[in-house]
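Whole structure, please, built from the sequences with the hints as guidance.
Residue numbers (this note's numbering): -2 to 312.
Just so you know, these hints were derived from the structure itself, not from any lab. Take these hints with a grain of salt, some might be off.
[Claimed, not checked] Derived CB-CB ranges, DEER-like:
1. 233 to 26: 23 to 33 Å
2. 23 to 210: 32 to 42 Å
3. 76 to 194: 31 to 41 Å
4. 9 to 221: 36 to 46 Å
5. 142 to 63: 50 to 60 Å
Cβ atoms here follow ideal geometry from the backbone N, Cα and C, with glycine treated the same way.
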Amino acid sequence: MSQTAPYSKDPRIHVDADQLVRLGPRARALSLLPRQPARSILNGRHASRLRGRGLNFEELRGYLPGDDIRTIDWKVTARTGDPHVRVYTEERDRPALLLVDQRVSMFFGTVAYMKSVIAAEAAAIAAHRVLGQGDRVGGLVFSDTSVAEHRPQRRATALTRLLSSIAAANSALHAGLTPEPTVYLNDMLTEAARVCQTSGLICLFSDCDGLDDRSEALLRRLAASNDLIVFNVADPTSHSLALDLKLTVSDGDAQIEIDSSDPELSAKIRASMEDRLEQLHKWSRRYGFPVVPLTTSEPALDQLMRLFGHGGARR
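This is how it looks when you write it as C-alpha cells:
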C-alpha cells in the first residue's frame, strides 16, 4: 500500500481532481489581469506592465446616442460630414500557461497545508478563471522526474485533463520520496517560452527552489513577450527560523527536527531563503512582473480572494 494511503483523504496534505473542480464557481470573482480593483495586489505599477487582452477592430458605423466620444473616428467624420465611431470587441482566445510545481520540495508544511496543495489549488482557480473568460488554458505540471504538458485549449475537457494531471502529481508526493531530479525549474521556464511564445499569460506556482543566475534571463524573456505572474508559495517558518527553537516538522508520516539554535545551520537556512526571495523581488522590479505571495497557513482561495479582490463583482 502506498505510504500516502492514511493521509490521501486529508485535503491539507493531498488534493484530488474533484476538489479542484469544485473551486470553479468561486473563481468567477477573481481577475488575474487589469483592470484591477483598488485593493488588488496587481493595482498600480505592475498592472500597468501587464498587457491584459487586446482589442479587435470590428466595424466603423454612424454615431449613436450613448456612444463613447473617445471612439469617434475624426478623420472619417470630417470626410463624410457625419460623426462615425470605431467599434472594438475585447480580444478572446488568448493563451494562458500555468506552471505547477509538484516537486518534493513542495511537499512541506508546518501550519495548515502543504505547499504542494496551495500551488495545486491556486493553479486550479486560475485555470477555471482563464477558461471562464473565454481564453485558452494549458499547463506544465512538473515533479522532480516528470513533466505533463497540456497545450492551451479552450475546452472544458482540456480543463478537466489539466486538473486531473495536477491532482495526480500532487497525490504522488509522499515523505518517502527520494528522487534523483531530472527536471529543474529553469527547464520549465525554458519550456514555457517555447509553448507560449508571445502575448500570452504565464503563471508560475512554486516555492521557486532552484532559482539561479540563469533564471534571470529566462524570466526576463518571459516577461518581455508575455504577461508573467509568479505565485511564490512559502511556509511561515521560512521567516521565523531565527528563533531559538527546536522545530519538529512532520507531514504525518516522517518527521525531522531542525535545531534553529544551531547558529551555523540557522544562518545557512535563513540566508538561502532570504537570498532567493530577495533575488526574485529584484528581478520583479527590474522586469515588471508581479510576485504574488501565498502561504501554507490558509486555503489558496481565501488568499486569492483577498489579494486579487472581487474582480468579477463589477464591470
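Now the hints, each set against the structure:
The hinted range of 23 to 33 Å is satisfied by residue 233 and residue 26, whose Cβ atoms lie roughly 26 Å apart. At roughly 39 Å, the beta-carbon separation of residue 23 and residue 210 lies within the given 32 to 42 Å, and the hint holds. Remark: the range hint 31 to 41 Å for residue 76 to residue 194 is upheld by a beta-carbon distance near 39 Å. A hinted range of 36 to 46 Å holds for the C-beta pair residue 9 and residue 221, which are about 38 Å apart.
Look at residue 142 against residue 63: about 59 Å separates their beta carbons, and that is inside 50 to 60 Å.
Checked against the numbered hints given earlier, the structure satisfies every one of them.
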